[in-house]
Amino acid sequence: MTGLGKDLVGLEPLSADQLRLILDTAEPFKEVSERQIKKVPALRGKTIVNLFFEASTRTRISFEFAEKRLSADTVNVAASGSSVSKGETLVDTAKNLEAMRIDMVVIRHGSSGAASFLGQRIASNVINAGDGKHEHPTQGLLDMLTLRDRFKRLEGIKVAICGDVLHSRVARSNIWGLTKLGAEVGVCGPPPLLPRNIEELGVTILPRIEDAIAWADALNILRLQLERMTAGFIPSLREYNRVFGVTTERLKKAPKDLLILHPGPMNRGVEIDSDVADGEHSVILPQVTNGVAVRMAVLYLLAGGRPGPQQAAGGDEA
Amino acid sequence: MTRPVVIRGGRVIDPSTGGDAVADVMIDDGRIGAVGRNIGSPDGAVEIDARGKVVAPGFIDLHTHLREPGQEDLETVATGASAAVAGGFTAVCAMPNTDPVADNQGVVGFIVRQAQRAGKARVYPIGAISVGQKGQQLAEFGEMVGAGAVAVSDDGKPVMSSHLMRTALEYARVFGIPVADHCEEMTLAQGGAMHEGLVATRLGLKGIPAAAEEIMVARDIILAELTGGHVHLCHMSTRGSVELIRRAKEKGLRVTAEACPHHFTLTHEACEGYDTNAKMNPPLREAADREAVRQGLRDGTIDVIATDHAPHHYDAKEREFDDAPNGIIGLETALGLAVSELVEGGLLTLPELVLRMSTLPARLFHLPGGTLATGAPGDVVVFDPAAEWEVRPERFASKSRNTPFAGRRLRGRAEVTIVGGEVVYQRT
Amino acid sequence: MTARTQLLDDRAIGRALVRMASEIVERCGGTADVVLVGIQRRGVELAQRLKRLIDAAEQTDLPTGKLDITLYRDDLQAIGPRPVVGETSLPDLEGRIVVIVDDVLYTGRTVRAALDEVTDFGRPRRVLLCVLVDRGGRELPIQADVIGTTVSLTATDRVDVLLSERDGRDVVELVRTPPA
Chain H
1 MTGLGKDLVG LEPLSADQLR LILDTAEPFK EVSERQIKKV PALRGKTIVN
51 LFFEASTRTR ISFEFAEKRL SADTVNVAAS GSSVSKGETL VDTAKNLEAM
101 RIDMVVIRHG SSGAASFLGQ RIASNVINAG DGKHEHPTQG LLDMLTLRDR
151 FKRLEGIKVA ICGDVLHSRV ARSNIWGLTK LGAEVGVCGP PPLLPRNIEE
201 LGVTILPRIE DAIAWADALN ILRLQLERMT AGFIPSLREY NRVFGVTTER
251 LKKAPKDLLI LHPGPMNRGV EIDSDVADGE HSVILPQVTN GVAVRMAVLY
301 LLAGGRPGPQ QAAGGDEA
Chain F
1 MTRPVVIRGG RVIDPSTGGD AVADVMIDDG RIGAVGRNIG SPDGAVEIDA
51 RGKVVAPGFI DLHTHLREPG QEDLETVATG ASAAVAGGFT AVCAMPNTDP
101 VADNQGVVGF IVRQAQRAGK ARVYPIGAIS VGQKGQQLAE FGEMVGAGAV
151 AVSDDGKPVM SSHLMRTALE YARVFGIPVA DHCEEMTLAQ GGAMHEGLVA
201 TRLGLKGIPA AAEEIMVARD IILAELTGGH VHLCHMSTRG SVELIRRAKE
251 KGLRVTAEAC PHHFTLTHEA CEGYDTNAKM NPPLREAADR EAVRQGLRDG
301 TIDVIATDHA PHHYDAKERE FDDAPNGIIG LETALGLAVS ELVEGGLLTL
351 PELVLRMSTL PARLFHLPGG TLATGAPGDV VVFDPAAEWE VRPERFASKS
401 RNTPFAGRRL RGRAEVTIVG GEVVYQRT
Chain E
1 MTARTQLLDD RAIGRALVRM ASEIVERCGG TADVVLVGIQ RRGVELAQRL
51 KRLIDAAEQT DLPTGKLDIT LYRDDLQAIG PRPVVGETSL PDLEGRIVVI
101 VDDVLYTGRT VRAALDEVTD FGRPRRVLLC VLVDRGGREL PIQADVIGTT
151 VSLTATDRVD VLLSERDGRD VVELVRTPPA
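Listed in order, the protein sequences are those of chains H, F and E. The opening residue of the first sequence carries number 1 in this note's numbering; numbering runs sequentially from there. The opening residue of the second sequence carries number 1 in this note's numbering; numbering runs sequentially from there. The opening residue of the third sequence carries number 1 in this note's numbering; numbering runs sequentially from there.
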């Protein structure tokens, strides 16, 4: 079955065929964003709610563009905090939205499992835009698309995910998506920021950033958050940059031209130096472009109606 | 004046005497009258046919949360005591994390009176170690014991201060009561929602490492040695903890331990799909930990089975995993799980089961019961170890329904429960 | 019990295309500003063949384009498994004469979608429709300007157009299924 089902909760439940379907479907949508009139009527009349419990400008805008370019009607709801602090439970928020007959919900929430929690309780399609530390499937997909654009394939490509893997949903989605399509994944970061049992997910541990640079074809550099310092995971951002930062000097020693990815927003001078971020091997901006195309593909694939008789072959539907 | 009760033809198991034979049991005037064959029936006696069943001293749960005072919507002393007898328990010890906390004779006495009014299982309150369970000032052990407390604990929370734990162990010796500790090193466990391991990594949930429990177990064992006090370790869940306790017992220290049915039945895999009914503290662990707990119950490293019955509202559990409260109910599934997992699993014989659920709990906390000796309280359970049944939470006597075992088929079920010579539960 | 009949063999298709090519030039009054836009998928191959024929006859190099109309379909909500979206790439259409090329004209809905999409790309001076087979059964007021062959079919019949670029051979077949 290649359809995606009702919800996109993560990349872990998807098969290799389903992942390829999404990436292949994103290709024609790249072209739509290059047109003068960046709109196709594919999702005309559909109502989509962007339900963001965590502030996020770039992901939300990316989804909004994707939705509007498909001619859908979008509503942004910026909710705050957990059910407990908000006073209205996630269940009630969901049921209220459903009562307003919305077709799809794009949800970003601070609790792992929030997307599947919602998907199980409402009939609308649910797309996970990041749930706690669990998954950020569209980010994983756009990273994969960007890698595939450059390398023409994902099989056998070595991707090192560098940084705070422990707290990163981007890392997890990348690990699932890439390993399913045959890429080799490594993780690199200070031990307190690597999850226990991570090797059991099929990834290689690269102890130092120098090891990652020597090993990989591409680096996916994760944002390091200030909170990790105060919570006792790392001493300071300065030390992190000195020991684990991706700098031009370190990249000079790379045996090949490494592709540089970053989900953004970047802490310039912490996990990545400015000249690396703006350098010729950086595909950080193409990632953003691909993000809209991937999200359009996901919305398009999920918004199907009930399965009906397959249309006839031979172009006879004219 | 209650009628005498004669229980006929059951397999009478009494670990306090080593007795295990088909016999009759007569209860008169609220006390065990006689155990033997073909006992004559006194006038007006209630006859109970126990053929094919097991007759044992009533189970005693050393770890229950009754939620009254303060959260009567979840459970009350009365409904909890009814759930207890439905599970074959004739007595439960109620943990003090109520609202207000049971840290004074007023609340302790209130709980005792509520239980008497309910007239189901006996309820022995456990008083708090510290005032408000805040971990600073010692509560009035003497006054609480005078009002009916049988032990002290800050359960719900660990006693983070080693100084406070030491003082509690020393002071408790005056009254001959155990100090029960919830072993959790909070700086390691902070924010954790489940066991730290592969499943937590996959689900993106912060984990509680086994070390968080083991560090406090080790500390409590050292303090027990230092003070000569009796420390009772609540809800043990890791193989490291079991090993530490084993070595402590080899040294002859006054360390006792309990384990809960969910820790000898489930693993962290039950959290898949973010099922909040699998969220409890300490969390469900790995298969190797479950195995160690089972072995610990077999060789006596873990002395007793306790339920840690923790009622929660449906709405509270119907939440994102991180936000859901910890705990599951357990009074009405404990026997079934113990029989299905431990007896049928070849780890415990039925007499050993009764030892761990009745005789030893009574002995450890110096409670009446746990025995069918003449003159002992008339607290008896008649259960059918072969009865197969399906767990249907909507039929529970407890007010709450939060259990991961709904729909599970179990073997072993209480048929009749007698407290103080009165039949307080009969399965319909 | 389906029955397959050949409507056009490879030579008939070739002859039809030659005639269609010259009709296009005639209708457009020459080749100036003419753009051939093939509808995915077999319309694209047909547009390429027509281009080669017109280029040879008129010594031109006609611009061509590919149009995938999936995202403009009016039945997207109803159908289940999502159809694969093909490539769309068009030259500048502003003020041009756009000839939409497709293999079969039936209900007219595909052409309706194509018209909507073309309009989103620019404003042509004129739009014509050129099809290899017109099988009747219109559900919208759409007509073809240049037609290879006309047949009249019932709803249970199907026309299969196979082209060597895609299917290995050139043939137009009629597949008849007796009504249930």
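Hints are not guaranteed to be accurate.
As the list claims (entries may be wrong) - The calculated DSBU-like cross-link candidates involving lysine-lysine, where the alpha carbons are at most 35 Å apart (straight line), are:
hint, chain 1, residue 1, chain 2, residue 2
1, E, 66, H, 38
2, F, 317, H, 46
3, F, 206, H, 95
4, H, 30, E, 66
5, F, 206, H, 158
6, H, 68, E, 66
7, F, 134, H, 6
The hints are simulated quantities; they were obtained by calculation from the structure and are not laboratory data. Note that this is a predicted model, so its numbers are computed, not measured.
Hint check results:
The straight-line distance between the Cα atoms of residue 66 (chain E) and residue 38 (chain H) is roughly 17 Å, inside the 35 Å bound, and the hint therefore holds. Proximity of residue 317 (chain F) to residue 46 (chain H) is assessed by CA-CA distance (about 33 Å); at most 35 Å being required, the pair is judged to hold. Restraint check for residue 206 (chain F) and residue 95 (chain H): the C-alpha separation of about 28 Å stays at or below 35 Å, so the hint holds. Between the alpha carbons of residue 30 (chain H) and residue 66 (chain E) the distance comes to roughly 16 Å, so the proposed pair stays at or under 35 Å and holds.
With a C-alpha separation of about 28 Å, the suggested pair residue 206 (chain F) and residue 158 (chain H) falls inside the 35 Å cut-off, and the hint holds. This hinted pair checks out: residue 68 (chain H) and residue 66 (chain E) have alpha carbons roughly 24 Å apart, not beyond 35 Å. Restraint check for residue 134 (chain F) and residue 6 (chain H): the C-alpha separation of about 48 Å exceeds 35 Å, so the hint is violated.
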